[in-house]
Amino acid sequence: MTKAELVEKVSEKINLAKKDTEVIVNTVFNSITDALSKGDKVELRGFGSFRLRKRNSREGRNPKTGATVVIPAKRIPFFKPGKDLRETVDN
Amino acid sequence: MIKKDIVNKVAGMMNLSLSEAEEVVESVFTVVKNALVSGEKVGLHGFGNFRVVKKNSRPGRNPKTGEEIMIAARKVITFKASDKLKQAVNHLPPEQDE
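Protein chains in written order, with the numbering used here: chain A, 603 to 693; chain B, 73 to 170.
Don't read these hints as lab results, they were simulated from the structure. Honestly, I wouldn't trust all of these hints.
[Unchecked claim] To spell it out: a stretch of chain B is covered by chain A in this simulated footprint if at least three of its residues, at any positions, have a beta carbon under 8 Å from a beta carbon of chain A; those stretches are:
1. 76-83
2. 116-129
3. 135-149
4. 155-162
[What the hints assert, rightly or not] Residues of chain A clear of chain B, computed beta-carbon distances all greater than 12 Å:
5. GLY650
6. GLU661
7. PRO665
8. VAL671
[As the list claims (entries may be wrong)] To give a feel for the contact side, a few chain A residues facing chain B, derived at Cβ under 8 Å:
9. THR604
10. VAL627
11. THR629
12. VAL630
13. PHE631
14. THR635
15. ALA637
16. GLY648
17. ILE673
18. LYS676
19. PRO679
20. GLU689
21. THR690
22. VAL691
These numbers were taken from a predicted model, which means no experiment stands behind them. A virtual CB, placed ideally from N, CA and C, is assigned to each residue, including glycine.
Using the sequences and the accompanying hints, generate a full structural model.
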């Protein structure tokens, strides 16, 4: 499912113009992005939670030249599905 | 941040009542959820992809008792953040992590 399909389904479901629904869908995911970028975590009851996980710096290799390079520490967004979602998907 | 914060933002932005905004926000997550439950991948441009991955059964061990058990085959959801989201969270120094 793409974002356009998501917008269409939501728009049908709640009977709201596609244009307005699109703005809302974008707002929803942009506000999750904003919260994460401030280091905040996002908890969505019934769905799951988004938080940041730290990746330590490590040594890697340039696969082309074989030169050793240090890959710096970074943060990655991590999604943990809620219990309800986890169980429903598995059944 | 919790769902209510998103609802407040949507309500203010779209000039909707809180209950209307709640209905829309709720249905966004319900639609994503239903797609995943039916095994469909959900790709949100600029945010990331949600995918359902089948895991085979594998032998495991109860870490407390050391007893060997079989971990059943199951389906799990994975989320892969888009490059845009990854970049957005990486302007903070890594030390600030929990």
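Verdict on chain A covering the segment 76-83 of chain B, criterion of 3 CB contacts below 8 Å: Satisfied; 4 residues make the cut.
Per-residue hint verdict: VAL691 (chain A), partner chain B, C-beta under 8 Å: 5 Å, holds
Interface-negative label, GLU661 (chain A) against chain B, beta-carbon threshold 12 Å: 17 Å, holds
Restraint satisfaction for ILE673 (chain A) [CB to CB of chain B, less than 8 Å]: Not OK, violated: ILE673 (chain A) not within 8 Å of chain B, min 12 Å.
Given hint THR604 (chain A) near chain B, where the shortest CB pair must fall under 8 Å: 6 Å, holds
Interface-negative label, VAL671 (chain A) against chain B, beta-carbon threshold 12 Å: It holds; VAL671 (chain A) is separated from chain B by about 18 Å at its closest Cβ, greater than 12 Å.
Closest C-beta approach of THR635 (chain A) to chain B relative to 8 Å, hint status: Status holds, d = 5 Å.
Assertion that PRO665 (chain A) lies outside the chain B interface [Cβ separation over 12 Å]: 20 Å, holds
Distance rule for GLY650 (chain A), whose beta carbon must clear each one in chain B by more than 12 Å: 8 Å, violated
Restraint check, 8 Å cut-off on beta carbons, for THR690 (chain A) near chain B: 5 Å, holds
Restraint satisfaction for THR629 (chain A) [CB to CB of chain B, less than 8 Å]: Interface hint status for THR629 (chain A): holds (5 Å vs cutoff 8 Å).
Hint status (Cβ of PHE631 (chain A) to nearest Cβ of chain B, threshold 8 Å): Since the shortest Cβ distance to chain B is 5 Å, the answer is holds.
Of the hints listed earlier, those the structure fails to meet are numbers 5, 17 and 20, in rising order.
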